[in-house]
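K.L.:
Chains as they are written, first to last, in the numbering used here: chain G, -2 to 274; chain Z, -2 to 274.
Honestly, the hints are just simulated from the structure, not real lab data.
Errors might be hidden in some of the hints.
Identical chains share a label here; the pair holds if one copy fits it or two copies do between them.
What the hints assert, rightly or not - Think about it this way: if two alpha-carbon atoms lie no more than 30 Å apart in a straight line, the pair counts; the simulated DSSO-like pairs of lysine-lysine are: (1) Lys16 x Lys263; (2) Lys43 x Lys12; (3) Lys43 x Lys16; (4) Lys43 x Lys251; (5) Lys251 x Lys263; (6) Lys143 x Lys32; (7) Lys32 x Lys142; (8) Lys12 x Lys263; (9) Lys43 x Lys142.
Residues per chain, in single letters:
2 protein chains.
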Amino acid sequence: MEIIRTVAEMRAWRKQAGKLAFVPTMGNLHEGHLKLVAAARERAEKVVVSIFVNRLQFGQGEDFDAYPRTFDADCAKLAAAGVDALFFPTERELYPRVRQDFNVEPPHIQDELCGAFRPGHFRGVATVVTKLFNIVQPDLACFGKKDYQQLHVIQAMIADLNSPIEIVPVDTGRAGDGLALSSRNGYLSAEERAEAPRLYRNLSMIRDGLLSGSQDYAALENAARDDLAAAGWTVDYVEVRQADTLEVAHAGEKRLVALAAARLGKTRLIDNIEVFR
Amino acid sequence: MEIIRTVAEMRAWRKQAGKLAFVPTMGNLHEGHLKLVAAARERAEKVVVSIFVNRLQFGQGEDFDAYPRTFDADCAKLAAAGVDALFFPTERELYPRVRQDFNVEPPHIQDELCGAFRPGHFRGVATVVTKLFNIVQPDLACFGKKDYQQLHVIQAMIADLNSPIEIVPVDTGRAGDGLALSSRNGYLSAEERAEAPRLYRNLSMIRDGLLSGSQDYAALENAARDDLAAAGWTVDYVEVRQADTLEVAHAGEKRLVALAAARLGKTRLIDNIEVFR
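One chain only, chain G, in its complex shape:
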């Protein structure tokens, strides 16, 4: 596996890569990332993964500095998974003047759901993904459904800015007890880890309610919020939304997604389940 640290080398490598699939990550790789790599491998001649912890998408007081950097272990996993190249730029390489002057500005959805709790997060995501896409120039890129709102923002951006890149959504990887795989799970104490699957259990109950015909989304959301709060979680949101647009869902909607974000101690976890009924 080639390790590429500069924009110029990445562009040169890309020229000889044929049909190219791209998996952008922030590193600290787990089985969820390797599912993205596997999806990429199936669809292209070559696979490039990037590791870049993007300061632009972290807010004040968020975990940018604490975010786990595990480069050697990540390299071993990617090489074993058959990745052809790892793009691993420094901050100075991607932000040579420190500040980013031009930003890709998403519409109002960037201020809802996770965006309401992470101001500027989706602008930072849209902007760095645009930069990485311009550098790597892949034919397709794989994103996990675990970050459902991020996937939506990127799909909408690609369509709206006519970007020539196919976005491949990949199902969320889960532990045996249902917990969505996430780098932030590493922040959990043993006790918190045992408690963490409650988020998925509550989303599953919402799914079951929706599949059995409930149109009272607020009742389902409130039950989940109450259960989490009673178990000591601080709930950012639990919401049933339209799966395709992430707009507020009205009764009768057939393609839905239940999304939640909640904090267990200092760790913020997110998860979601699509419900097509």
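We have chain G; now place chain Z onto it with these hints.
P.N.:
Positioned in the frame of chain G, the structure of chain Z alone reads:
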């Protein structure tokens, strides 16, 4: 010359085009545009020109509806100039949902100079150029220095978002009396046309002052403003700025540009002269 009206056809054509140069325009082509085409031809195997009057970069009360559409004459000029393909999309093709949700947001320079008089203009330019670049995927693109602030915004955007496209600046085409070629010159009455070169004459006087060593930019700017106002113009701005950044110029600066925008009757004219001393 091939005439291409859809994004899908444009992408398909691009795949077989080899090294490709791109000249985005709003049509109503004059010799200034043909200089851009000539610069493009020198640098690539194939040349594509787009004609699209981009509603997004016109403000309320501006001349979007009145902007001259001269498709047949434009086609004849482009074919004669050896252009390989003309991309001529409808509004519905570029803005299928009418509104544009994702925008490329330039930094503060978008609110200065022309931007102070045309709110949202440079956001509209940056966004449509991003869309056109994503559709056409050229190796290089030619822009006129006549729209100096636009050229700056696009060069800065390309660098900041790591876009893999070379931007080629092309000198302003001028009539024999110095007037910068512009589609908007067609709005001028015979009397206004005779008066119009005063803008260039005043910029030339600023150039001469700068070259003879003046550091008092305000005095040079004020003399030009006064001369234009006395001749019946409404002056939007006359400013000496740093050529490379368009930031405010301080005494002693060596790479300068004098820029002006002023209205003659209902017609808004812009022009500029670079001064490297």
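K.L.:
Among all the numbered hints in the text so far, which are the ones the structure does not match?
P.N.:
Structure breaks hints 1, 4, 5, 8.
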